[in-house]
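> In the working numbering, the protein residues as written are 534 to 1592.
Derived from the structure by calculation, the hints contain no laboratory data. Small disclaimer: the values here were computed from a predicted structure and weren't measured. Where hints are given, some of them may not hold.
Unchecked claim - Lysine-lysine pairs mimicking BS3-like chemistry, simulated, CA-CA at most 25 Å apart: (1) K955 with K574; (2) K805 with K741; (3) K792 with K805; (4) K781 with K792; (5) K805 with K739; (6) K574 with K950; (7) K1034 with K574; (8) K776 with K792; (9) K1034 with K585; (10) K1500 with K1489; (11) K741 with K701; (12) K805 with K762; (13) K1177 with K1335; (14) K701 with K781; (15) K764 with K717; (16) K1335 with K1300; (17) K1034 with K1100; (18) K1291 with K1326.
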Amino acid sequence: MKLLEIILVLVMHKRIAFSKMLDTMNGLVPFYSDEPDDPYKYELPYSFDRSKAIRAPCGYVGLRNLSNTCYLNSLFTQLFMNTQFRSFILSIDIEDQGGSQELLFRTQKLFAYMQESYQRYVDPYAVISSIRTYDDTPIDVHSQMDVDEFYNLLFDRWEGQLLESNEKKKLRSFFGGQLVQQVKSKECEHISERLEPFSAIQCDIKGKSTLQESLQAYVDGEIMEGENKYKCSTCDRHVDAVKRACLKDVPDNLICHLKRFEFNLRTMQRSKINDYFSFPLSLDMSPYTVEYLNAEGEPPQSDVFELVGILVHSGTAESGHYYSYIRERGPSDSPTWVEFNDDMVTPWDPSSMESATFGSTDRQPIHETANKIRYHRTFSAYMLFYQRASSLHAGLPANTAANSENRFTPAIPPPLKEQISKENNMLLQRHCLFDPGYTLFVQQCFAHAIQLGEVQPAFPQPADNGKGDMDADESLHQHQLQSLAMELALSHYDQVVTRTKDLPFLGNFSSLLHNAIAKCYRCALAFHSYFSMRPSAFRAVATRNPDMETRRFVCRTLLQAAEKVRKSIPRLYHGSSPTRTFIDVDAEDAEEDADGDENWAICDMPRLSVLQGTVDIFNYLWRFFHINIRSWDEYFAMILGFAKNGDLEVSYLLGEDYLLKLLRIINADPMTDQPVNYQRMMANLMRRFANKPASYVSIISLIDYLMSQLEPTLSAEVIVDEAADRRGMQQPFAWTSEEFQAIHHHPERQVSSLFVEKLLDLDQAFKQTSSILSRMIRTGEELDVKVFATLRKQMQGDTSAKPMDPAIRAAALYVECSESTERAQTLIRHVCIQARSLQHSEGPAFIRFVAQILSSSQRLGRAVMDAREERRKYATELIPLWAPYLLIYPDEQTRMSAEVVVNDALFERMLRTPPGQAVDDVDVDDEDDDAVATAARNDDEERMSLLTAIRQVGIKCLLYLREVHVKRGIQLDRHAAGSISRVISKCSQFYGPIDGVNEDDAESVEFAAIQAEIRSPLQRLLVDEVDEDGSDWDGSCASSDFLEANVGIAMQTGNEASD
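Take the sequences, apply the hints, and build the full model.
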């Protein structure tokens, strides 16, 4: 960092040197516009962790786990660390790389990368994809394989691809030897021997505690006696004999497979043996050879092997994980060990070998000391790799040398080494590029360049005349250095700042960019031009970046830059004109630089308008809308912000058919035919957003705004043939026939609208959704009918499990907006009927629906007031349909709200509606007689309607309690019954007295009969879930006081009592 600061001090006051430095720095983060699929020089993942991008400090490369390929990784690292074996693989002459020798070629390449690459890990996919199983099928990377089985398969496949017989023999000689299956007579000199090849010694561990004990049992064999005597071919009789296996040819590299798995005949399952089993660092193999066992005199000299690798299995017989501990081979006198665990490579201390690899049991956790429980260690050695001590340092191939780290590095084929060297250079460049100190340096350079632009003589704001155009050009030319700095900043922002893990520099970088654009229209133009020429770079930060704040900032800043240009340089925003580019330098710098005479490089070149360039960026991003679903909110919010700039911007968007594109996103359905990109969108939605729905908020908001700019009523005169015909028009814009079809059409029901149905199913952006629906309802009769039919279809609580609350909210809007009283009343009744099927959040939505209709507003016009009043009266008559269900709703807040609505709509309104008076009793002029009489009649009708509704509510509530609770024996919580009890109590005041009742007053008789019927059984069904004083239940329908009271009070008495 200090060096970078010194460099900046040296060049900061020299414009040419500073400009050249910026240009050089730009070369470190190039963008290849002619390669849209791969425009970056480096591999640039998001959340890039620089510390984990290069190989481990211990100097080795790991292997990526493709899913369940740890068995391959652990074995390959063991083989790779054997320098002689690695040298053999790298020295093979491959003639058919892509065919019969593909696996050998891929292995050779993998070993070369593991040896030379600076990467943290290498991907072994190419190797594993070129291995065929014994059934001639590809290896499934998602399925675990036993590493010993894979070891045998791998060597078989390698051997099959070697062309020379001597190469095949050498491959097998690395780890393969010969066993002698021997039967030795105890009664004569006869010995029967049969040679067998082996690639690993199978060591039993059950009942054994050490490797030596297991090997000894291996050669001790079994006694053949009694009925199992051996038929001696020499003696021609059955004799006692010893049957055993011993080693004849022991390779330099010995593998011991510890048989940790067995088949349990009792459970009929494989199980893992976690018993303690130790093995030494040095092992003398001579006692287990046939030469040693047959020797009669002095035994042969020892044959010492040293432990060089331990392959560990952690887990159970059904699942687990493999990793390796490996000793480095090299000239060092004190060998070190390394742990290879897939892509994690770390030093390992062999002093922990017993606890890490021998198995056995662990002590119980500290917090469970009282249990005295011991737990089996599920991690233990599964394969042991020994190497003959004499071969560890001797006999290395001629093409093997020690590198700077004092490690043996076999030679690599030159073309492959050159390729890896180039990739290493790129890796190191990227590593330096992501150095935090360099990012700060870029930040300082950008800030300094902007500061230079602020202190240099400013050009006047361009005017709308010919001279103003020239002033704007000259101003832009003066800005060359700042434009270069903006290019550097944006390249670094895209390729480094927004991709670094935890985004440590994002805030400062974003602030610098924002401030530069806010202060300087030339910086704004440079920002816009950068992304206009590199739309894939804009996609990288605006839609592909996983960080939401990054996406928001870039989208907002693009709009900010376009707006700055629109206000400052209108001609560049709206149209194109020739412009000149040059490098401006001052005289002092020119004298100090040999190129000073060429400080003006002028050329004419057309400039694309900022308006069209912005739309082109939108169009480029649209090509990937079905992929970058998580960025929908930022992408479409950016388009919405652009549209709100004015009619011209809206005309460009409508000309590009964005409204139709958005409507198709909403209408997309997997059961209907649709364009390919929408099919892919649906597949991605179902795969990636199954549990958390994608956000459509910005899409719906944009649809709402674009529709608000169109003709408010639909007719043939306001429909154009092509979307592009609308470019340059002004509001209100025409529709296209495809847009009209998109909001009208339904593939199954002619009278419904698929768009409305999908909009309700999404249930997002309620305010904008309401605006869209209200606009559709007011567009004309045809759409009004379609919205109506769709809403009815969406509310089928008895036959559908689809949530109804979105449709209920939309129904309230329809009742308010529709000019059809008949359809409005039909919908009100339909919603009220659904009360018996409401669940969860549907109850509150229902209460808001009826409360809205039952309320009145004095601020509306007379015609609207009359329609509202008519619908309110109709809704009042329907209160008995829903009141019992909502007054006993599981949610307490919903019950209380329902009680308030019933009280306000019935009882309070009854108090506010005085009894009608005769005209003769009223002191009015003759000309007012008709109005007064009409008002009196209306009041009487209102009171009778309210009375009917109140009485019906009382009876319906009692019937509900009888049918749902009393007859079915379903218990009722006292607290939950409070609302319905209070409403029934108020209703009881509006029935005639029982004594001397008019036989025609059937409602009073019915009310009293049901009340008497349910009194006792309902009391028995009441339960207390919590300790309460029961005050809410006193005087209610189940209270003994209420049930024994007179049910009838004269109407006037009832009113007076209420007063």
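> If a hint holds in the structure, say so; if it does not, say that too.
Hint check:
1. Between K955 and K574, the direct Cα distance comes to roughly 12 Å. Compliance with the 25 Å bound is thereby established for this hinted pair.
2. Straight-line distance between C-alpha atoms of K805 and K741 comes to about 15 Å, which keeps the hinted pair within the 25 Å bound.
3. Proximity of K792 to K805 is assessed by CA-CA distance (about 9 Å); at most 25 Å being required, the pair is judged to hold.
4. At most 25 Å may separate the alpha-carbon atoms for a hinted pair to count; K781 and K792 meet this at roughly 22 Å.
5. Distance check on the hinted pair: K805 and K739 sit about 11 Å apart at the alpha-carbon level, within 25 Å; holds.
6. The straight-line distance between the Cα atoms of K574 and K950 is roughly 20 Å, inside the 25 Å bound, and the hint therefore holds.
7. Our distance criterion of 25 Å between C-alpha atoms is met by K1034 and K574, whose separation comes to about 20 Å.
8. Annotation: proposed proximity of K776 to K792 holds, straight-line Cα distance about 21 Å (limit 25 Å).
9. Restraint check for K1034 and K585: satisfied, since their Cα atoms lie roughly 11 Å apart, inside the 25 Å limit.
10. Between K1500 and K1489 the alpha-carbon distance is near 15 Å, which keeps this suggested pair within the 25 Å criterion.
11. At roughly 36 Å between alpha-carbon atoms, K741 and K701 are farther apart than 25 Å, so this suggested pair is violated.
12. For the hint pairing K805 with K762, the CA-to-CA distance comes to about 35 Å; that exceeds 25 Å, so the pair is violated.
13. The hinted pair formed by K1177 and K1335 fails the criterion: a straight-line CA distance of about 36 Å is larger than 25 Å.
14. Distance restraint check for K701 and K781: the Cα-Cα separation of roughly 20 Å lies within the 25 Å cut-off, and the hinted pair is therefore satisfied.
15. Between the alpha carbons of K764 and K717 the distance comes to roughly 11 Å, so the proposed pair stays at or under 25 Å and holds.
16. Proposed proximity of K1335 and K1300 is supported: the alpha carbons are some 21 Å apart, at most 25 Å.
17. Distance restraint check for K1034 and K1100: the Cα-Cα separation of roughly 37 Å exceeds the 25 Å cut-off, and the hinted pair is therefore not satisfied.
18. For a cut-off of 25 Å, the pair hint linking K1291 to K1326 stands: about 12 Å separates their Cα positions.
Checked against the numbered hints given earlier, the structure breaks hints 11, 12, 13, 17 and satisfies all the rest.
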